[in-house]
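K.L.:
So the chains spell out like this:
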Amino acid sequence: KQEVTQIPAALSVPEGENLVLNCSFTDSAIYNLQWFRQDPGKGLTSLLLIQSSQREQTSGRLNASLDKSSGRSTLYIAASQPGDSATYLCAAGGDNAGNMLTFGGGTRLMVKP
Amino acid sequence: EAGVAQSPRYKIIEKRQSVAFWCNPISGHATLYWYQQILGQGPKLLIQFQNNGVVDDSQLPKDRFSAERLKGVDSTLKIQPAKLEDSAVYLCASSFSGGYNEQFFGPGTRLTVL
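Order-wise, the sequence lines are chains A and B.
In terms of the working numbering, the first sequence opens at residue 98 and continues consecutively.
In terms of the working numbering, the second sequence opens at residue 235 and continues consecutively.
Just so you know, these hints were derived from the structure itself, not from any lab.
Possibly wrong hints are sitting among the right ones.
[To be verified] With a cut-off of at most 30 Å between alpha-carbon atoms, the simulated DSS-like pairs for lysine-lysine come out as follows: (1) A:K165 <-> A:K98; (2) B:K278 <-> B:K245; (3) B:K249 <-> A:K165; (4) B:K278 <-> B:K317; (5) B:K312 <-> B:K245; (6) A:K98 <-> A:K139; (7) A:K98 <-> B:K312; (8) B:K278 <-> B:K312; (9) B:K312 <-> B:K249; (10) B:K296 <-> B:K249; (11) B:K245 <-> B:K317; (12) B:K245 <-> A:K139; (13) A:K139 <-> A:K209; (14) B:K305 <-> B:K278; (15) B:K249 <-> B:K278; (16) B:K245 <-> B:K296; (17) B:K249 <-> B:K317; (18) A:K209 <-> B:K317; (19) B:K305 <-> A:K139; (20) A:K139 <-> B:K317; (21) B:K296 <-> B:K312; (22) A:K209 <-> B:K249; (23) B:K312 <-> A:K139; (24) A:K165 <-> B:K245; (25) B:K317 <-> A:K98; (26) B:K278 <-> A:K98; (27) A:K139 <-> B:K296.
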């Protein structure tokens, strides 16, 4: 059974810092890895999707990497802004036709002005 | 392109009552998912539909939860009777063809059971 862990559970940084959020998974037989953002009281917004054959994906100030062999993914946020404050969730997509997503518990990020 | 729609956004009921949630996926998306997100945790898949059929419902508490997707479009999730531990946000998501496609989420329904 896949288990996904995110560390740290909460993070507070001053504006402008570069930061790294970590995600680890126990079963390396994944098809993809998705990073989501969740604002309080809202649904999930997809940020980046990395297929298992890829090593990384970039979108603006966000860069996500994937190392299947070690069961790890990282989300790098450059030059953080107060608007980046949210909960960030990673989810491992199962290696089957259903692509069942197993989510981590999330990292709650606060960027202080 | 319209996103995934869910209603109601909030619901408060007493334990042992029943409740139903509705989801309308993105047009053309064959696969629909229902997730339960308890406060402070990541979402947990309850059930996955591919068109009208159920792909995975292994984590659905079938003694009290039921879901259907008639005509392969809209879906409803029902809880009967509700327990205190069912208090959570219920998220609906859809993807183009299931398989290995990106999932898009609705805003969720926040359920409080008193």
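K.L.:
Determine for every hint whether it applies to the structure shown.
P.N.:
Each hint, compared with the structure:
{"no.": "1", "hint": "A:K165 <-> A:K98", "verdict": "holds, 16 Å"}
{"no.": "2", "hint": "B:K278 <-> B:K245", "verdict": "holds, 20 Å"}
{"no.": "3", "hint": "B:K249 <-> A:K165", "verdict": "violated, 44 Å"}
{"no.": "4", "hint": "B:K278 <-> B:K317", "verdict": "holds, 17 Å"}
{"no.": "5", "hint": "B:K312 <-> B:K245", "verdict": "holds, 13 Å"}
{"no.": "6", "hint": "A:K98 <-> A:K139", "verdict": "holds, 28 Å"}
{"no.": "7", "hint": "A:K98 <-> B:K312", "verdict": "holds, 27 Å"}
{"no.": "8", "hint": "B:K278 <-> B:K312", "verdict": "holds, 16 Å"}
{"no.": "9", "hint": "B:K312 <-> B:K249", "verdict": "holds, 14 Å"}
{"no.": "10", "hint": "B:K296 <-> B:K249", "verdict": "holds, 17 Å"}
{"no.": "11", "hint": "B:K245 <-> B:K317", "verdict": "holds, 14 Å"}
{"no.": "12", "hint": "B:K245 <-> A:K139", "verdict": "holds, 15 Å"}
{"no.": "13", "hint": "A:K139 <-> A:K209", "verdict": "holds, 21 Å"}
{"no.": "14", "hint": "B:K305 <-> B:K278", "verdict": "holds, 25 Å"}
{"no.": "15", "hint": "B:K249 <-> B:K278", "verdict": "holds, 22 Å"}
{"no.": "16", "hint": "B:K245 <-> B:K296", "verdict": "holds, 21 Å"}
{"no.": "17", "hint": "B:K249 <-> B:K317", "verdict": "holds, 5 Å"}
{"no.": "18", "hint": "A:K209 <-> B:K317", "verdict": "violated, 39 Å"}
{"no.": "19", "hint": "B:K305 <-> A:K139", "verdict": "holds, 28 Å"}
{"no.": "20", "hint": "A:K139 <-> B:K317", "verdict": "holds, 24 Å"}
{"no.": "21", "hint": "B:K296 <-> B:K312", "verdict": "holds, 10 Å"}
{"no.": "22", "hint": "A:K209 <-> B:K249", "verdict": "violated, 40 Å"}
{"no.": "23", "hint": "B:K312 <-> A:K139", "verdict": "holds, 21 Å"}
{"no.": "24", "hint": "A:K165 <-> B:K245", "verdict": "violated, 40 Å"}
{"no.": "25", "hint": "B:K317 <-> A:K98", "verdict": "holds, 27 Å"}
{"no.": "26", "hint": "B:K278 <-> A:K98", "verdict": "holds, 13 Å"}
{"no.": "27", "hint": "A:K139 <-> B:K296", "verdict": "holds, 27 Å"}
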